[in-house]
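*Asks:* So you can see what is in the structure, the chains are spelled out below.
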Amino acid sequence: MDLRLTEEQRHIIQNVRRFVREEILPLERDMDPDAYELPPAEHERLTQMTKAMGLYHMSVPEEYGGPGVDIITRALLAEEMSQHRAGLYSPCYGVFGGGAPEQLYAANEDQKQRYLWPAIRGEKRAFFGLTEPSGGSDPARAIQTKGVRDGDDWIINGSKMFNSGADTADFGLLFVRTNPQAGRQGITCFLVDTDTPGFIVKRLVHVLRSHYTTELAFDDMRVPQTNILGEEGKGFAIANEQLSLNRIPYAAAGIGLAVAAQRMAIDYVKNRQTFGDFLANRQAIQWMIVDNELDIRTSRWLVLHAAQKAYDKQPFRFEAGAAKVFSTEAAGRVVDRSIQMHGGVGVTKDMPLERWYRELRIRRIGEGPSEVQRIIMARDLISGAAHSEIELA
Amino acid sequence: MPLHLICCAKQVPDPETPAASFRIDPAAKKVVPAPGIAPVISPFDEQAVEVALRIKDKRPDTKVTIVSLGGASARDVVKHGLAMGADEGILLEDPTFENVDAFQTAYVLSLAVKKVGQFDAIFCGRQAADFDQGQVAIGLAELLGIPALINGQSADFITDNRVTFERVLPDGIGVFEANTPVLTSYSQEVGQPRYPTLRNIMTAARKEISVWKAADLGVNGAAFAPKTRLVDLYVPTYEGACEIIEADSPAEAGEKLALKLREAKII
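Each protein sequence line maps, in turn, to chains A and B.
Position one of the first sequence corresponds to residue 9 (this note's numbering), numbered consecutively onward.
Position one of the second sequence corresponds to residue 649 (this note's numbering), numbered consecutively onward.
Don't read these hints as lab results, they were simulated from the structure.
For glycine and all other residues, C-beta sits at the position ideal for the given N, C-alpha and C.
Check before you lean on any hint, since a few could be wrong.
[Claimed, not checked] Listed next, the in silico DSSO-like pairs over lysine-lysine satisfying Cα-Cα at most 27 Å (straight line):
| # | chain 1 | residue 1 | chain 2 | residue 2 |
| --- | --- | --- | --- | --- |
| 1 | B | Lys875 | B | Lys677 |
| 2 | A | Lys59 | B | Lys711 |
| 3 | B | Lys762 | B | Lys855 |
| 4 | A | Lys278 | B | Lys677 |
| 5 | A | Lys59 | B | Lys704 |
| 6 | B | Lys678 | A | Lys278 |
| 7 | B | Lys855 | B | Lys875 |
| 8 | B | Lys861 | A | Lys59 |
| 9 | A | Lys59 | B | Lys706 |
| 10 | B | Lys913 | B | Lys855 |
| 11 | A | Lys242 | A | Lys317 |
[To be verified] Label pairs and their in silico Cβ distance ranges:
| # | chain 1 | residue 1 | chain 2 | residue 2 | range |
| --- | --- | --- | --- | --- | --- |
| 12 | B | Ile893 | A | Gly352 | 50 to 60 Å |
| 13 | B | Pro874 | A | Glu301 | 25 to 35 Å |
| 14 | B | Pro681 | A | Arg211 | 51 to 61 Å |
| 15 | B | Arg847 | A | Gln152 | 45 to 55 Å |
| 16 | A | Trp309 | B | Lys855 | 52 to 62 Å |
| 17 | B | Glu664 | A | Gly351 | 25 to 35 Å |
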């Protein structure tokens with residue numbers, strides 16, 4: 009067991025930390041406090057820089073021409089890349105690329121040519137279509153979007169909700185019920201081009217964060233059989249695996265905000281005086297700072313433990329859930345305390361704290377709400393699949 | 649003929665360290681490292697490495713060697729240079745090298761350069777970002793008996809034996825030339841140093857760096873004696889006082905203010 013960073017990790021983190029400090033933060037000072045994208049010329053300039061650094065599309069494996077940065081290092085970098093105003097939902101404004109949806113690596117050769125490679129080259133953007141107006145926490149039961157076979161095609165009807173980026177994407181992974189009697193074995197994943205007749209962006213849904221998501225509708229949308237990703241009826245497993253893996257960087261990004269908020273709070277209380285003394289000398293403030301740090305450090309170890317398990321190809325669903333629940337709740341607490349320490353200035357748009365406070369609230373719901381994570385974790389604990397003892401295996 | 653460029657780089661406390669975290673130990677006359685903030689390559693030295701690498705970009709067979717004098721942690725500075733694209737790294741580390749002054753640093757570096765052997769040019773930062781003395785580069789040139797072109801923004805090789813060097817002046821740019829071997833030093837006008845690439849970071853992590861001790865360099869006791877003594881190290885304190893000028897009218901207040909400023913010899 010070695011909790012130290014490797015030399016490579018230290019250098020890569022320093023690199024990304026410098027990038028945020030020297031490239032992102034100066035630009036952000038002149039941008040609208042709710043901005044979620046860079047001016048196109050700046051985006052292009054910085055993208056060229058991350059490509060030259062070899063960190064563009066860092067999740068893309070080496071055999072696909074990417075840097076193949078491992079999940080542990082990606083979790084560490086997710087914490088660094090989010091440490092700016094828009095960092096939670098738009099880390100470094102996307103200039104490090106996003107890679108392709110992980111599920112596409114399991115696609116067949118024809119699908120790889122049509123979707124995976126263009127996504128890696130940055131020619132096509134994807135969205136993830138799982139949640140429906142009927143719910144997102146229990147997709148196996150909630151999915152009502154129906155697919156009916158018609159010769160070599162499927163006719164899809166229904167709707168989806170909270171599909172970020174679907175309005176600008178070129179294609180999406182759409183989870184559709186193709187066998188109403190088969191429960192979770194009745195869900196199939198389709199690769200759907202957004203210019204397919206019957207694909208409708210019904211409305212843009214504005215939410216707490218400084219951006220919007222979408223509601224989609226499908227009206228007799230015809231999708232060829234050849235666009236089924238994986239096998240018919242195996243879509244739920246595809247979604248599930250990916251959701252567990254996503255929870256690791258998802259959790260790490262929140263820690264980045266907490267770290268930045270804690271840094272700002274400590275700096276502030278050392279300089280702000282009330283009633284003749286610095287805030288830093290007040291016990292009420294000191295306890296908040298320590299509670300912040302306990303939240304940050306606990307979150308980080310939970311995230312790294314989950315990442316280590318995923319890296320070692322061991323089951324990591326429980327650990328990813330624990331990291332997701334704790335770190336998203338903890339980051340909310342840290343930012344909340346940091347605002348309290350700042351007083352009135354903390355809720356102004358002069359500071360990023362108010363945006364972080366709003367956007368972090370969503371994290372307790374997105375990628376599986378805290379309560380659902382707890383249900384899954386409870387099942388594992390009660391069944392013995394997870395336990396409290398030191399793991400020896 | 650491939651060129652051989654030597655870059656000298658020092659490890660310093662991160663200049664971005666928040667002022668509130670800056671501490672000194674007055675008794676030991678040392679800066680106390682800020683906890684949790686890793687020291688970094690001195691920014692001017694990083695710019696010197698950048699200039700050397702720009703030459704290597706044009707002439708890929710150029711060999712760039714990074715040399716750093718410091719404690720074990722200065723290994724990171726050498727590795728940083730390698731990650732930027734340098735080929736070899738040398739760490740000059742020995743208990744006797746602790747608390748060296750600028751002359752001693754230049755002296756040890758001169759021995760290291762002689763041990764390296766053939767080289768065409770040396771690249772240094774104009775001054776270190778911690779004590780800002782700006783003496784090591786010119787001291788090193790003096791000890792090696794080679795010309796020094798200092799505080800530049802760029803350099804290039806006109807031929808294998810002659811360099812051109814640009815320095816920003818108040819009213820323009822001065823262009824200088826010198827025969828090799830030559831020492832050059834650089835300032836912020838160089839512009840942004842490159843970000844290490846992932847590939848180079850991986851390569852640098854695997855690369856062995858040479859560690860040379862005092863005995864390896866033949867450091868001579870008498871020649872190694874310090875030439876300066878740090879008498880005191882303290883953080884200056886600034887006192888602010890506010891005086892309200894009271895008057896019946898703005899004009900009178902202005903007059904009184906002007907008189908006060910005159911008395912204080914500010915205007």
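*Asks:* Against this structure, judge whether each hint is valid.
*Replies:* Against the structure, the hints:
Distance hint between lysine 875 of chain B and lysine 677 of chain B is fulfilled; the C-alpha atoms sit about 17 Å from each other, no more than 27 Å. Annotation: proposed proximity of lysine 59 of chain A to lysine 711 of chain B holds, straight-line Cα distance about 25 Å (limit 27 Å). In summary, the hint linking lysine 762 of chain B to lysine 855 of chain B is supported, as the alpha carbons are separated by about 23 Å, within the 27 Å threshold. Annotation: proposed proximity of lysine 278 of chain A to lysine 677 of chain B holds, straight-line Cα distance about 25 Å (limit 27 Å).
Note on lysine 59 of chain A and lysine 704 of chain B: the hinted pairing holds, with a Cα-Cα distance of about 20 Å set against a maximum of 27 Å. Note on lysine 678 of chain B and lysine 278 of chain A: the hinted pairing holds, with a Cα-Cα distance of about 23 Å set against a maximum of 27 Å. Taken as a hint, the lysine 855 of chain B and lysine 875 of chain B pair is broken in the structure, with Cα atoms around 36 Å apart against an allowance of 27 Å. Restraint check for lysine 861 of chain B and lysine 59 of chain A: not satisfied, since their Cα atoms lie roughly 39 Å apart, outside the 27 Å limit.
The suggested pairing of lysine 59 of chain A with lysine 706 of chain B holds, with an alpha-carbon distance near 20 Å, which does not exceed 27 Å. The straight-line distance between the Cα atoms of lysine 913 of chain B and lysine 855 of chain B is roughly 61 Å, outside the 27 Å bound, and the hint therefore fails. Taken as a hint, the lysine 242 of chain A and lysine 317 of chain A pair is honoured in the structure, with Cα atoms around 24 Å apart against an allowance of 27 Å. One distance hint, 50 to 60 Å for the beta-carbon pair isoleucine 893 of chain B and glycine 352 of chain A, is violated here, with the actual separation near 31 Å.
At about 42 Å, the CB distance of proline 874 of chain B to glutamate 301 of chain A disagrees with the hint of 25 to 35 Å. Between proline 681 of chain B and arginine 211 of chain A the beta carbons are some 55 Å apart, a value that agrees with the proposed interval 51 to 61 Å. In this structure the hint that arginine 847 of chain B and glutamine 152 of chain A lie 45 to 55 Å apart at CB holds, the actual value being about 48 Å. One distance hint, 52 to 62 Å for the beta-carbon pair tryptophan 309 of chain A and lysine 855 of chain B, is violated here, with the actual separation near 31 Å.
The hint said 25 to 35 Å for the Cβ distance between glutamate 664 of chain B and glycine 351 of chain A, and at roughly 26 Å that hint holds.
Against the hints set out earlier in the document, violations occur for numbers 7, 8, 10, 12, 13, 16.
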